[in-house]
Amino acid sequence: MIAFTTSAKTALPVKIVFTPPSEDAQGATRTLVDRFNRMQSQIVVKLSPLSSSTDAIHNTYVTSFMAKDAGIDVIAADVIWPPEFAAAQWIEPLDAYFPPQKRTQFLPMTIQACTYRKHIWAVPWFTDTGLLYYRKDILDCPPRSWKDLIRVAREKMKQGAVSYGYVFQGNQYEGLVCNVLELIWSNGGEVMEDGRIVIHTPQAIAALKLLSDIVKSGICPPEVTGFQEEDGRLFFQDGKALFLRSWPNVWASVNNPDSKIRGKVGIATLPVGPSGTVGRGCLGGWNLMINRYSRNKAAAWKFIEYMTGAASQKTNAIIAGRLPTRNAVYQDPAVLAKNQYYRQFLPIILQSKPRPISTVYPALSEIMQHNFFKAINGQLSPETAIVNIEREIEATLRRRINKGSNR
Amino acid sequence: MINLSFPKHGPQDPTGQDVQRCTGLGRFINPGKFSFRSQLALALIMIAVLAVLVMSIVAYIQAIDVLKHNFITDTNSILERTRDELLTKLNNVENTLKLISTDQRLQNINRPESEISNHELTKFFMDCINLNNYQANYENQHFVKNLIDELIFLNDQRVIISRREHFTVYGIKNYLPHSLMGQAQAAQGQAVWSGIFFNRPGSRLNSNLPEATLREELNQLALVKYVTNEKFKTGIGYLIASINLARLSDLVEGITLGQTGRVYIVDQEQRVIAGRDKDLIFKPLLLDSASRRFLKNPGAGSFEGIFKGKASFIHSIAIGVNHWKLVGIIASHDFEVQARSVRNRILLGGLIILFLFGFGATFLAGRVTQPILNICDFLQKVETGDLTLRTAETGSIEIEKLSTQLNRMIGRIAALLNEIYQEQLFKRKVALKALHAQINPHFLYNTLDSISWMIESDRREVATGLIKSLATFFRIGLSGGREIISIQDEVKHAESYLKIQKVRYQDKLDYLFDIDESVLQAPIVKITLQPLIENAIYHGIKLKTDGRGIICITGAQVDDHTVRLTVVNNGPGMDERKLAELRAALQEADITPETSGKGYSLQNINSRIKLYFGKEYGLHYSSNPKTGTRVEILLPLFYDEKQDHP
Chain A
339 MIAFTTSAKT ALPVKIVFTP PSEDAQGATR TLVDRFNRMQ SQIVVKLSPL SSSTDAIHNT
399 YVTSFMAKDA GIDVIAADVI WPPEFAAAQW IEPLDAYFPP QKRTQFLPMT IQACTYRKHI
459 WAVPWFTDTG LLYYRKDILD CPPRSWKDLI RVAREKMKQG AVSYGYVFQG NQYEGLVCNV
519 LELIWSNGGE VMEDGRIVIH TPQAIAALKL LSDIVKSGIC PPEVTGFQEE DGRLFFQDGK
579 ALFLRSWPNV WASVNNPDSK IRGKVGIATL PVGPSGTVGR GCLGGWNLMI NRYSRNKAAA
639 WKFIEYMTGA ASQKTNAIIA GRLPTRNAVY QDPAVLAKNQ YYRQFLPIIL QSKPRPISTV
699 YPALSEIMQH NFFKAINGQL SPETAIVNIE REIEATLRRR INKGSNR
Chain B
25 MINLSFPKHG PQDPTGQDVQ RCTGLGRFIN PGKFSFRSQL ALALIMIAVL AVLVMSIVAY
85 IQAIDVLKHN FITDTNSILE RTRDELLTKL NNVENTLKLI STDQRLQNIN RPESEISNHE
145 LTKFFMDCIN LNNYQANYEN QHFVKNLIDE LIFLNDQRVI ISRREHFTVY GIKNYLPHSL
205 MGQAQAAQGQ AVWSGIFFNR PGSRLNSNLP EATLREELNQ LALVKYVTNE KFKTGIGYLI
265 ASINLARLSD LVEGITLGQT GRVYIVDQEQ RVIAGRDKDL IFKPLLLDSA SRRFLKNPGA
325 GSFEGIFKGK ASFIHSIAIG VNHWKLVGII ASHDFEVQAR SVRNRILLGG LIILFLFGFG
385 ATFLAGRVTQ PILNICDFLQ KVETGDLTLR TAETGSIEIE KLSTQLNRMI GRIAALLNEI
445 YQEQLFKRKV ALKALHAQIN PHFLYNTLDS ISWMIESDRR EVATGLIKSL ATFFRIGLSG
505 GREIISIQDE VKHAESYLKI QKVRYQDKLD YLFDIDESVL QAPIVKITLQ PLIENAIYHG
565 IKLKTDGRGI ICITGAQVDD HTVRLTVVNN GPGMDERKLA ELRAALQEAD ITPETSGKGY
625 SLQNINSRIK LYFGKEYGLH YSSNPKTGTR VEILLPLFYD EKQDHP
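Protein chains in written order, with the working numbering: chain A, 339 to 745; chain B, 25 to 670.
Isolated chain A (complex conformation) (with noise of 0.2 Å):
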């Protein structure tokens, strides 16, 4: 028999689709999810985790888009997509959902990265930034400059404490961008101001050239060029290596049982350069939008709401070391109790340093990417890498304002 109703306790359940980027390690996205599904019947969400690859999801959601998909109904978007997508009316604005006063209660620089033209278009998920990962078992502390670095990864190699000194992002791709930023940042450099390319400078020059040196100095694994997140994670995590640039989530990883360096790891802010006088970095981290297309926005909402609430956050961090984008989950106890250093780094947090806010962001990722790379590699040298990127980025910013485009 067919039954006909209207009625909202018989309806089916709205159902949609979340793509975060791949599974995090500690399952942390699933087991909220989960529990999302399991405390309400309104709403049942698909998990549909995309890639490990941030150059690979943006593929994804960029396809997607063009082809006004509704498949998807809340996206994870990395923290330097939000003006491209909002540019192309590709995700809702959130000003009806997400009002100033609930913005209050975010850390400001992720508030910043999710508004652009002062609309708002996506809710800080989880921030990250730059860290050092160091090994507290054999180094009594981390060094402050990058020069000590090298010349402790060194010394520590040569005792046979460990395989080599340093792993980081150096794979071409996004990461790479973040790690180099990271370091011109540190030796006094800058990418953007006011929308002008200023990154000629000789602190980006001799930034460059200290990573380059860093891996052409054999501190650094040959593999390392082909390292992303997790390769570095793990070969960090097998004891390999001295000190690991990563992202905050690394820290419940190493600290996990099956680690073989379980408690013998530090936490340090990056060193800084020689022309510098802070180690900064990279902000980074997720945050969550709502499909243009989605036909299930007010569900999506919902979810977004809960993924992004304090009782979530709380388990993000947690789970999975994520750091939360609320001030208030800063000062929970639980969250503190087991990762000790955020009391100890939240100025330091609250330091990072956004990449350049662009809607043709991605274009610029990749002129820096493809030079750096190969810098890095010993195939152009860093001064050339940097002209490179001054012209080439020059030359996009200007079509896009013959275009039309506004940053």
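Just so you know, these hints were derived from the structure itself, not from any lab.
The reader is advised that the hints may include incorrect statements.
Think about it this way: if two alpha-carbon atoms lie no more than 27 Å apart in a straight line, the pair counts; the simulated DSSO-like pairs of lysine-lysine are [unchecked claim]:
| # | chain 1 | residue 1 | chain 2 | residue 2 |
| --- | --- | --- | --- | --- |
| 1 | B | Lys147 | A | Lys406 |
| 2 | A | Lys691 | A | Lys485 |
| 3 | B | Lys302 | A | Lys353 |
| 4 | A | Lys598 | B | Lys197 |
| 5 | B | Lys169 | A | Lys384 |
| 6 | A | Lys384 | B | Lys113 |
| 7 | B | Lys302 | A | Lys384 |
| 8 | B | Lys147 | A | Lys712 |
| 9 | B | Lys197 | A | Lys712 |
| 10 | A | Lys554 | B | Lys197 |
| 11 | B | Lys169 | A | Lys406 |
| 12 | A | Lys406 | B | Lys113 |
Covered stretches of chain B, going by a simulated chain A footprint (3 or more residues, C-beta under 8 Å) [stated by the list, open to error]:
| # | stretch |
| --- | --- |
| 13 | 133-143 |
| 14 | 187-201 |
| 15 | 225-232 |
Heads up, incomplete: computed chain A residues facing chain B, CB under 7 Å, no partners named [what the hints assert, rightly or not]:
| # | residue |
| --- | --- |
| 16 | Ser360 |
| 17 | Ser391 |
| 18 | Gly564 |
In this text, a Cβ means the ideal position worked out from N, Cα and C, and glycines have one as well.
Let chain A serve as the given structure and place chain B on it in line with the hints.
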């Protein structure tokens, strides 16, 4: 107009009980009996119930058969389609490796002048993966899926991994079994499929995921191709397409057979390698031993067995790769639920039809029986005596015929009743007339005068005789009101009359009776002979001038049915004209009691005889002026008195 009333009580059946007539209310309130309309409606409904019942049973059996047949056909079709899809997709994976391996970027990757970056190849690999994208829809969602989990290129100098979801550059060389690498190299450019193996390095990336998810994501199947430079025939590296069981499951997890039936891919050890039930992945398909044996048979087949402890229908087909099979399983209960649902729908449909039919049948029965009820009511009115009523019921040819016949019958009854009435009236009147004739005042006066004179002349015996004769004459003339008496009594009556007349006419009159005994009990309308004798005296004997007048009365049987009485006198007789007039008068058809004149008494007698006994009986005159007059009276030998209405 005739207005006759029938008895108030109804007609009686042979047992004497009142027969129920179709009166207005009675037909409904009489318990145990139903109106014709109800009976007709009931009969129609019962036929419909029977039809619906038979139809439901047949439809249910048919539905079960069709469902079973459909299940096998549909499942087979679904499984074949899925197999084709799987084979196409596996083929596409092979083609993808072929495409990549012949691409100049990869062909030249080891050349010193090559500027191809890993990044560029990664993008190329991603594009190649995306070429294998397909859309899948289930539960009102559509998903982009892909059989390829990862594309990897591997040689001593480079590692290119496209998606990096289950692989890292670090540790990649521990991923594939060495034997497989050897096989691929030996295959001289042909791609080699691996068996299912566990991606141990990958497990470090997802260690915290649920066990079932890990089992599905990390049990892998790889297509490995050793790429060589087509120009220089030098080795370039290994190109690997990795497919995990989750990707295989994507192909079948959206398929639902019936309500809850599932499709699984099983390997030759009957382990589930793909399906929606993640708990079963890489575990034996939970079948009973008989089903397991059946499943070992090559090719396609359907059977009923036990899956997860529940009776189920199972259908399987071979995929043609690695001895895998596609198995569709639907719980018998699920199947029965469908069958029940079909049955219930059929029954519901049947009930609705029945309900509508009930209405229709009652309505139709009403339509069909209404004219009959109207005729019943009409007859009831006719029964009260109004025979002028006519019915004009139509509705069917039969009803019209019935109406016409009834009208005709009522008309006929009215006519007959009128006829009977007139006849009875006539009989009464002629009888009365006869009686009047008998009590002729002249005759009575003359007789009484004779008696008086006899007494005065002291001839008392004669007077006594006269009185006795007169008494007999009147007694028989009255006969207790009966019209038909025996010839014996009639003769006595006539004899009394003659005795009285004999006193008056003395020697002028003689008479003779010669009645055969066999006719003495035969019937005769009373006062038949006396008027004839009176005629004989007054028109015969009295007018005779020579000799004595003799009246001779005889009676004898003519045949077995007829009696003839004769009254003969030897008076002057009639001439032919007179005789002809008399005979004509006797033959006049319409004799009424009002008829008077000379021939009346003769006509009266003749009419009464014919009225009571039939036209073949009556008077017949013959006469001769020389010999006298003879009257023949023809009468029946037997007569049923019941015919004579008092």
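Status of each hint after checking the structure:
1. B:Lys147 x A:Lys406: OK: B:Lys147 and A:Lys406 at ~23 Å, within 27 Å.
2. A:Lys691 x A:Lys485: Holds, at about 22 Å.
3. B:Lys302 x A:Lys353: At roughly 20 Å apart (the allowed maximum being 27 Å), A:Lys353 and B:Lys302 satisfy the hint.
4. A:Lys598 x B:Lys197: holds, 21 Å
5. B:Lys169 x A:Lys384: Distance of about 14 Å is within 27 Å: holds.
6. A:Lys384 x B:Lys113: holds, 24 Å
7. B:Lys302 x A:Lys384: This hinted pair holds, its Cα atoms lying about 15 Å apart.
8. B:Lys147 x A:Lys712: Between B:Lys147 and A:Lys712 the Cα gap is close to 17 Å, so the pair holds against 27 Å.
9. B:Lys197 x A:Lys712: holds, 25 Å
10. A:Lys554 x B:Lys197: Distance ~23 Å between A:Lys554 and B:Lys197 Cα, so the pair holds.
11. B:Lys169 x A:Lys406: At roughly 17 Å apart (the allowed maximum being 27 Å), A:Lys406 and B:Lys169 satisfy the hint.
12. A:Lys406 x B:Lys113: holds, 25 Å
13. 133-143: Since 3 is at least three, the answer is holds.
14. 187-201: Per the Cβ count (7), the hint holds.
15. 225-232: holds (count 5)
16. Ser360: holds, 5 Å
17. Ser391: This hint holds: A:Ser391 lies near chain B, its Cβ roughly 5 Å from the closest one there, short of 7 Å.
18. Gly564: holds, 4 Å
Checked against the numbered hints listed earlier, the structure breaks none of them; every hint is satisfied.
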